[in-house]
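Chemist: Sequence:
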Amino acid sequence: MKKVLAVLMAMVLSMAALAGCGSDKEESKAPETQADAGETKADAGETKADAGETKAEGGSEASGDPIYIAVAAPMTGDNENYGKGFYNAATMMAEEWNAKGGCLGRPVEIVQYDDKNSPEEAASIAQKIASDGNVAGVIGHFASGVCMVAAPTYQENKIIEISPSSSHPDYSGIGEYIFRNNTVIRTEAGAALDIAVNDLGKTKIGVISIMTDWGTSTGTIVEELLAEMDGVEMVAHEEVEESSDDYSPAITKLNDAGAEVCVCVGMYSLDGPVAKQYKAINPDIQIIGFSNAYDEQLLELGGDAVEGMCFPVLFYSGSDDPAIKSYVDGYTEKFGGAPSALTSQAYDSVGMLLTAIEECGTTDSETVMKKLYEITYPGVTGETKFDEIGDVQKEFVKMTVKDGAFVPME
2 MKKVLAVLMA MVLSMAALAG CGSDKEESKA PETQADAGET KADAGETKAD AGETKAEGGS
62 EASGDPIYIA VAAPMTGDNE NYGKGFYNAA TMMAEEWNAK GGCLGRPVEI VQYDDKNSPE
122 EAASIAQKIA SDGNVAGVIG HFASGVCMVA APTYQENKII EISPSSSHPD YSGIGEYIFR
182 NNTVIRTEAG AALDIAVNDL GKTKIGVISI MTDWGTSTGT IVEELLAEMD GVEMVAHEEV
242 EESSDDYSPA ITKLNDAGAE VCVCVGMYSL DGPVAKQYKA INPDIQIIGF SNAYDEQLLE
302 LGGDAVEGMC FPVLFYSGSD DPAIKSYVDG YTEKFGGAPS ALTSQAYDSV GMLLTAIEEC
362 GTTDSETVMK KLYEITYPGV TGETKFDEIG DVQKEFVKMT VKDGAFVPME
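Its first residue numbered 2, the sequence shown is counted upward by one per residue in the working numbering.
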């Protein structure tokens, strides 16, 4: 299996006291949650997180002690749309299982934790979940750096964590209880550059990346991949603050260097404003993003400026596949907007965890963990199977924005 990244994780774990909890679950007791999550609105729909806890509605046929699944992600702040999407998807999957009698005949309940996309908050949440000892698994966290702070606590306490979004290459190596339902960032970065070079025919590439652990590591990977490509030049690479609203200094440097395409290494909160500000001085610039930009918030933030923007994704909400269409229609009706790729990976992550529990006939974490390495799950984001280190391999769909909507590239 996987080897623990001992040196790195020892540094992380020194930040907080370790929780002294094993894998035994006191399952008749509801997990305690943070007291400051407050009230949140999930995507366009509304959910209430009273004292940090929100639970899926149970089906009438399920009975007995609930099976608790935690969703830990940003429910407030700049990246709240991702966390709320995770939570929406998790509750939707739980309700589907509950309508069929639950998992192992027991109701499934989703418990929400707001980590604010903060490593410190995530460390505290991981300690709380470990101390409570009642959670069958954790869906989250969102950002790779945040995931990697929380994961050692989950690993030490034998708690399954499945991140729908972490792409840092070292994340899954933290331990055998740590999974990701997302591709590693080198694979996705290669797909993004393939669009820029082979689909759009651009050879002068500029890069704008956010100054976070994920942004810095991904920006470096983009540089490395470009250096391996013949006939392609990286003309400039500028790092920016994630929360900035003025990217003109970085844009000016890329534009003066002759960039034909701008690769945005960030979330929709970066891509939308960059597109607006860049196209104000160069209407012909082509913007390339990553799958985390595939969200309706991008269209709201960028408006006409994101028209023609491209990115690789693992999920397309406009698919004609009956299973995907049913899921998208149900999600849209319930929450008021189509699900993103990362939201859909959260939906499948909950489904995989519950399927493993059902097939095992127990919530024992070690037994379920081993089952997760064995099953192949036919999810809305494609056939999913974890490899020996808890990673997945999936096919990307190349997307663009056309007439104000997301459509596959022609």
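Check each hint, because a few of them may be wrong.
Below are the PhoX-like pairs computed for lysine-lysine, each with C-alpha atoms no more than 20 Å apart in a straight line [what the hints assert, rightly or not]:
no. : residue 1 : residue 2
1   : K277      : K372
2   : K101      : K335
3   : K203      : K335
4   : K280      : K205
5   : K159      : K335
6   : K159      : K205
7   : K101      : K129
The hints are simulated quantities; they were obtained by calculation from the structure and are not laboratory data.
Chemist: Next step is simple, just say for each hint if it's right about the structure.
Modeler: Structure-based check of each hint:
1. With a C-alpha separation of about 47 Å, the suggested pair K277 and K372 falls outside the 20 Å cut-off, and the hint is violated.
2. Only pairs whose Cα atoms come within 20 Å are accepted, and K101 paired with K335 is accepted, the gap being roughly 19 Å.
3. For the hint linking K203 to K335, the alpha-carbon distance of about 41 Å lies beyond 20 Å, and the restraint is violated.
4. The suggested pairing of K280 with K205 holds, with an alpha-carbon distance near 17 Å, which does not exceed 20 Å.
5. A C-alpha spacing of about 34 Å is found between K159 and K335, which places the hinted pair above 20 Å, so the restraint is violated.
6. Of the supplied pair hints, the one linking K159 and K205 is violated, its CA atoms being roughly 47 Å apart against a limit of 20 Å.
7. Restraint check for K101 and K129: not satisfied, since their Cα atoms lie roughly 31 Å apart, outside the 20 Å limit.
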